[in-house]
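Given next are the chains, with one letter for each unit.
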Amino acid sequence: MIDRTIPVTEDELHAYVDGELPTERRGDVEAWLAAHPEDAERVQSWRAMAESLHARYDQVANEPVPQRLELERLEREPRRWIYGSIAAALIAFVAGGGVGWFARGEANTPATLQSFTEDALDAHRLYVVEVRHPVEVPGSERAHLQQWLTKRCGWDVRAPELASAGLKLVGGRLLPGPKGPASFLMYESASGERFTVYTAKAATEAAQMRYIALDHDSAMFWADRGVGYVVSGGNDRERLAQVARAVYEQVEKSGG
Amino acid sequence: MSAFRQSVEAMIPALRRYARALARDADIADDLVQDTLVRALRSERLFLGGDIRSWLYTILTNLNKNRRRSLARRPQFMPLLDNNPDASGTEAEGRDIARALSTLVEEQRAVLLLVVLEGMSYREVADIQGVPIGTVMSRLARARAHVKASLEGERPALRRVK
Numbered sequence: 000m001i002d003r004t005i006p007v008t009e010d011e012l013h014a015y016v017d018g019e020l021p022t023e024r025r026g027d028v029e030a031w032l033a034a035h036p037e038d039a040e041r042v043q044s045w046r047a048m049a050e051s052l053h054a055r056y057d058q059v060a061n062e063p064v065p066q067r068l069e070l071e072r073l074e075r076e077p078r079r080w081i082y083g084s085i086a087a088a089l090i091a092f093v094a095g096g097g098v099g100w101f102a103r104g105e106a107n108t109p110a111t112l113q114s115f116t117e118d119a120l121d122a123h124r125l126y127v128v129e130v131r132h133p134v135e136v137p138g139s140e141r142a143h144l145q146q147w148l149t150k151r152c153g154w155d156v157r158a159p160e161l162a163s164a165g166l167k168l169v170g171g172r173l174l175p176g177p178k179g180p181a182s183f184l185m186y187e188s189a190s191g192e193r194f195t196v197y198t199a200k201a202a203t204e205a206a207q208m209r210y211i212a213l214d215h216d217s218a219m220f221w222a223d224r225g226v227g228y229v230v231s232g233g234n235d236r237e238r239l240a241q242v243a244r245a246v247y248e249q250v251e252k253s254g255g
Numbered sequence: 000m001s002a003f004r005q006s007v008e009a010m011i012p013a014l015r016r017y018a019r020a021l022a023r024d025a026d027i028a029d030d031l032v033q034d035t036l037v038r039a040l041r042s043e044r045l046f047l048g049g050d051i052r053s054w055l056y057t058i059l060t061n062l063n064k065n066r067r068r069s070l071a072r073r074p075q076f077m078p079l080l081d082n083n084p085d086a087s088g089t090e091a092e093g094r095d096i097a098r099a100l101s102t103l104v105e106e107q108r109a110v111l112l113l114v115v116l117e118g119m120s121y122r123e124v125a126d127i128q129g130v131p132i133g134t135v136m137s138r139l140a141r142a143r144a145h146v147k148a149s150l151e152g153e154r155p156a157l158r159r160v161k
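Protein chains in written order, with numbering that gives the first Met the number 0: chain A, 0 to 255; chain B, 0 to 161.
Read the hints as simulated data drawn from the structure, not as lab findings.
Heads up, a few of these hints could be off.
To be verified - The calculated label-pair distances, taken between Cβ atoms and stated as ranges, are: (1) B:I132 / A:E140: 16 to 24 Å; (2) A:T8 / B:E43: 41 to 49 Å; (3) A:E251 / B:Q5: 31 to 39 Å.
As the list claims (entries may be wrong) - With a cut-off of at most 35 Å between alpha-carbon atoms, the simulated DSBU-like pairs for lysine-lysine come out as follows: (4) A:K150 / A:K178; (5) B:K64 / A:K200; (6) A:K200 / A:K178; (7) A:K178 / A:K252; (8) A:K252 / A:K200; (9) B:K147 / A:K178.
Bear in mind the structure is a predicted one, so any value in this text is a computation, not a measurement.
No residue lacks a Cβ here, since even glycine has one placed at the ideal position from N, Cα and C.
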């Protein structure tokens, strides 16, 4: 009887233990386990593992919640975010362009732009892990932030509106760049994914968009009218490209 | 209190359990939960419906990934003693499972805990980690094999010491 059934796979054994197996297949798996003691032993060990985990950690869920985790306490710390007011107006733009955005400027990556990007990635790594002080000026003061950074950097710094990519501006800060000051803007999604936009004077007049990946982070970078741009994020290339493209299009439109 | 807040509040004990197993250190674990809650409250208006539970686990999982990334360039310190005054008769077993967990790579540990401890479906875990279900299943299989080997490797070794 067992011979006629389709052999049980490793995945099915896990699914069986986790209650993810279709009901009609359960009988087959049980018959299989009766005939294959090694698999039965593994399944048993996984069940024992689950019991050990619950025995060790369920008590944490039964502890009284510490005061510092009470919502009312956390809410008293005022954090206001301006969001959504401008979103609708900007969705149109990302839907537009695209053609040619990868095909501008020089063919090769100048070495200076490469190290420039590494500086930006270092800044990205340093600040994205910050929960309490990721920025100097919060995104709620967008106008002030743009004004201040423009004044200090010497080119028109606009914080792109990335609501269409599910991101809101956390804020920004001023950083030392390779040739003078650099502006550094941070964005965040509802689930805590963070992206940063770094801009500084570049040695190169214009360079086409490039991609670089380093450990868990990656960046898209390009230069335009003497200003270099680096958009950094996690290692999801598609997602990064989506964000970088939105930034590119807005910078392009505003005239850098 | 809004329905949103009530749902978030109801999840705090389970989030603490997950964070404790994920981060091992009790203070770091509660920091993770606190940051998760702050972020959730702050993003209330960004939350466009859906499963609040999965969303909170997603935030916590991402925060832990960021935290570990910041540690990645430094030498890793492990606690000398697993300070669980709460461990009872199964104390040794609890220490063993905690130690075995700590040897897993981040993604595998998260999958194992979300499925086994938090009772999430493969589909939900795939969404939380942003990967296909097949990846979740292979991470789970590797995590279980690794923990099993780790638990079996330790016990006979202890027995040999006379």
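Notebook entry, point to check: Which numbered conditions among the earlier hints are violated in the structure presented, ordered from lowest to highest?
Noted result: 1, 3 and 9
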